[in-house]
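Trainee: Here are the chains, one letter per residue:
Number of protein chains: 2
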Amino acid sequence: MFKEKLKEFEPIFYPKSIAVVGASSQEKKMGSRWVKGLISAGFPGPVYPVASSGGTVWGLKIFPDLKLIPDEVDYVIASIPRQAVLEFLDDCAAKKVKVVQFFTAGFSETGKPQWRELEQQMLRKARENGIRIIGPNCLGVYCPDHKIPCGPSPLGKIGISGSVGFISQSGSIADKLMEIGMARHINYSKGVNFGNGIDLDASDFLQYLAADSKTTVVGAYLEGTRNGRHLFGTIKEVAKTKPLVIWKVGRTEVGAQAAMSHTGSLASSAAIWSAAIEQAGAIEVHSLEELTDSLLIFQQLGRCKGSNVAIIGGLADGGGGISVSASDACMETGLKLPPLSSKTRKQLTNLLGEVGSILRNPVDVSAAQFHGLSTLFQAIELVAEDPIIELLLIQEDVDIFLAYFSIEEMKKINDFFIELRNRQNKPLVVVLPPGSAEPERLDMEQMLLEASIPVFCTMGRAAKAIMSINKYFSSK
Amino acid sequence: MFKEKLKEFEPIFYPKSIAVVGASSQEKKMGSRWVKGLISAGFPGPVYPVASSGGTVWGLKIFPDLKLIPDEVDYVIASIPRQAVLEFLDDCAAKKVKVVQFFTAGFSETGKPQWRELEQQMLRKARENGIRIIGPNCLGVYCPDHKIPCGPSPLGKIGISGSVGFISQSGSIADKLMEIGMARHINYSKGVNFGNGIDLDASDFLQYLAADSKTTVVGAYLEGTRNGRHLFGTIKEVAKTKPLVIWKVGRTEVGAQAAMSHTGSLASSAAIWSAAIEQAGAIEVHSLEELTDSLLIFQQLGRCKGSNVAIIGGLADGGGGISVSASDACMETGLKLPPLSSKTRKQLTNLLGEVGSILRNPVDVSAAQFHGLSTLFQAIELVAEDPIIELLLIQEDVDIFLAYFSIEEMKKINDFFIELRNRQNKPLVVVLPPGSAEPERLDMEQMLLEASIPVFCTMGRAAKAIMSINKYFSSK
Chain L
77 MFKEKLKEFE PIFYPKSIAV VGASSQEKKM GSRWVKGLIS AGFPGPVYPV
127 ASSGGTVWGL KIFPDLKLIP DEVDYVIASI PRQAVLEFLD DCAAKKVKVV
177 QFFTAGFSET GKPQWRELEQ QMLRKARENG IRIIGPNCLG VYCPDHKIPC
227 GPSPLGKIGI SGSVGFISQS GSIADKLMEI GMARHINYSK GVNFGNGIDL
277 DASDFLQYLA ADSKTTVVGA YLEGTRNGRH LFGTIKEVAK TKPLVIWKVG
327 RTEVGAQAAM SHTGSLASSA AIWSAAIEQA GAIEVHSLEE LTDSLLIFQQ
377 LGRCKGSNVA IIGGLADGGG GISVSASDAC METGLKLPPL SSKTRKQLTN
427 LLGEVGSILR NPVDVSAAQF HGLSTLFQAI ELVAEDPIIE LLLIQEDVDI
477 FLAYFSIEEM KKINDFFIEL RNRQNKPLVV VLPPGSAEPE RLDMEQMLLE
527 ASIPVFCTMG RAAKAIMSIN KYFSSK
Chain B
77 MFKEKLKEFE PIFYPKSIAV VGASSQEKKM GSRWVKGLIS AGFPGPVYPV
127 ASSGGTVWGL KIFPDLKLIP DEVDYVIASI PRQAVLEFLD DCAAKKVKVV
177 QFFTAGFSET GKPQWRELEQ QMLRKARENG IRIIGPNCLG VYCPDHKIPC
227 GPSPLGKIGI SGSVGFISQS GSIADKLMEI GMARHINYSK GVNFGNGIDL
277 DASDFLQYLA ADSKTTVVGA YLEGTRNGRH LFGTIKEVAK TKPLVIWKVG
327 RTEVGAQAAM SHTGSLASSA AIWSAAIEQA GAIEVHSLEE LTDSLLIFQQ
377 LGRCKGSNVA IIGGLADGGG GISVSASDAC METGLKLPPL SSKTRKQLTN
427 LLGEVGSILR NPVDVSAAQF HGLSTLFQAI ELVAEDPIIE LLLIQEDVDI
477 FLAYFSIEEM KKINDFFIEL RNRQNKPLVV VLPPGSAEPE RLDMEQMLLE
527 ASIPVFCTMG RAAKAIMSIN KYFSSK
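So the sequence lines, in the order shown, correspond to chains L and B.
Note that my numbering has the first sequence beginning at 77, numbered continuously upward.
Note that my numbering has the second sequence beginning at 77, numbered continuously upward.
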């Protein structure tokens, strides 16, 4: 599906060369930062700074004119005054540039007729000359696979190349998706921020990501669209091929006004969007946390359904309150918590004793603390072996644990989780709530994430993420 | 109100001496851990370990019998087998002990008639002898003000003594409340975990906290009650005096079953509870995060109403997407985001320029990056000075900021926040979302929390917390 997009978008996500127009020898200028970012990231092709001033920046020669670049130029990043865009597009036409990404802003999002008209003139000129436009008012492409960083930061941060694709109408959300990805091991194949989207828009990029074999799940941050019918059709097609998680903002009056000022988007009714997303078989989320949580779990658990969940809590001190509140969080989200088989419950009672234990599901394993880690591991293994259980959801309170045990014992527990997950084929999800031992908790989180075990900081967020994977695959 | 509770509960929260029964010379035994915890915390009175074995533990003499302690004993922590409880209560009567807290579990929460009956016998014996019982199946008192730690951890952690009180039916939730308090500067006056609550229960402790002059806000984790009518009456009275935030669990079928196994609580319909809490003028929350978020904001902002909020985002890179999504999060929670006055908007346009800015409310200040920090500070100050604005809600993405600026510049921003808050009398709330710079973010968070600026990790959580304070004080 949409296979034609692969060839068409080759110069967008895999350009052989990039020109940055508006990169003077002042290193603090946006264009210059962009050049530095590409160098820092290790972009594999040539990077050509362009500015009428000439000179050098970051050791590279600045071309006074796009047309003077000796090579072909696939992709242009334009950070120029808005008054100059039409003339600049003439240069691009002369140079036979394939794609221009405009960082330049101040068009329809200002709400003023003259700038909206200029935007339309840009589009006409681009179409006449076979140039594709990303933006204006955007950061363009993020492609870890081809070492293109997200936006003009001179650090040129690049995450590990992975299987998650995203589109974002907002640059700051694209940037934050990249940062959270680095922190939580959400590894992107590619992403794009398309701002006002006057030429290439959400539908185009969604179609590309649907066709891209490196991408297995797609996230989208949307503020609005100029062509709802076409976009909903695309969403439906994409969601047939791979999980598509959509965060649509501008749902409220003030949110919609802000969206208008931000990317010139006309927001339609929140209810219409929700209904259309649901009907199209995509997953709707309502915050950046929900979006990244869903992307993480789709990335880590693949096609798992896992509707029958076992909750385990109380790895050190009593897990009673955690068991009760986790049951509510999971049940209210729609997960199933079937009672363990009577055989498993009998085995758990023999192992942990009846007093101070909750052994039906949820399971409070805190009584294991009187016997040592091997009893704890046996208890978790008994739950994992129960045939009715499809997914283990374990809450681990690092601060409480460390009030009773050592950091070495904590690491042994995590090693056991990894080993258990590898040995059996039931997915394991860990909840690590923040508390008074944040450095240790962050270490544990990294250790589990590196082993591809999804980690969440609250039970409610874990439950919602698991539910999104349940929902998507059970309708397929 | 409830002034009589102050004297009655003096031996509970301010005991002159504590005996720990079940503290043998084996340092790993629960009772022995408890003794160590009290020593570590610096409990100001004598601690008497008691066990038939005699001997010593942690350098203290173990009394073979409660009655052999030469001193008066106000408060007893009992970690003994359940079979021994009745005989033990005879000893307590002989010794004229005022309060016994039973860590001992295995009573009505087992669901078995013989243990439910034993629980009733305990209660009768205690009543006949003028002994008050906390529990059984609980951790008892946490009182930073009197150096009583929360539960049997040998570390004996004690947070800063403050103005937040809590009651919790669950020990693990009490423990986690304490840990989160230490991490987020939620400073408790006192808390209590009362488990099965056969004698002193939620109502008693709520009445005490209402009367306690050191407590200005109360949080409650509840699984169920034996006397709903009495409890709702108490909630109503307490909520008249101070903000009362209630997290009631066991709302779902599995949650209610777990509550039964945990503290022998019969959960009633979630809808009845919600209606009763609302009617009583208390605030209902649905997770540990919401509970602690509310307690934090009540502690830090006092009587602030702050219904007219200004959102500021984009301290470095574009805050467009953040502005749009934050508007949704705040509006959907019920906060008001009034447009800034035309005067303020004009001043902001002069300062930041029109292109790439959102200046109505939310305010995207990212264009300040082209001018430096002093322009950023001016912009924030202009928003703060607008007479319609009652509260500033600022999102600060540490990882994005650090891709453009230095950590020293970040610290200057936080110094400015603190200085601004001190200078004017409008509260300031900061959202610091997690990302790829966690150590730096945690430093920033501590810096702001130490200056009594409430910090949240998502806009949605900040909005909900602000709304809870709005709601409470606007009905008063």
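It is worth saying that the hints were derived from the structure and are not from the lab.
Since this is a predicted model, take the numbers as computed values, not measurements.
Treat the hints with caution; some may be incorrect.
Identical copies carry no separate label here, and so any pair may be met within one copy or between two of them.
Derived lysine-lysine pairs resembling DSBU-like cross-links, with alpha carbons at most 30 Å apart [what the hints assert, rightly or not]:
(1) LYS502 x LYS92
(2) LYS188 x LYS412
(3) LYS92 x LYS419
(4) LYS419 x LYS188
(5) LYS104 x LYS487
(6) LYS547 x LYS83
(7) LYS92 x LYS188
Trainee: Hint by hint, where does the structure go against what was stated? Just the numbers, ascending.
Mentor: Numbers 1, 3, 6, 7, in rising order.
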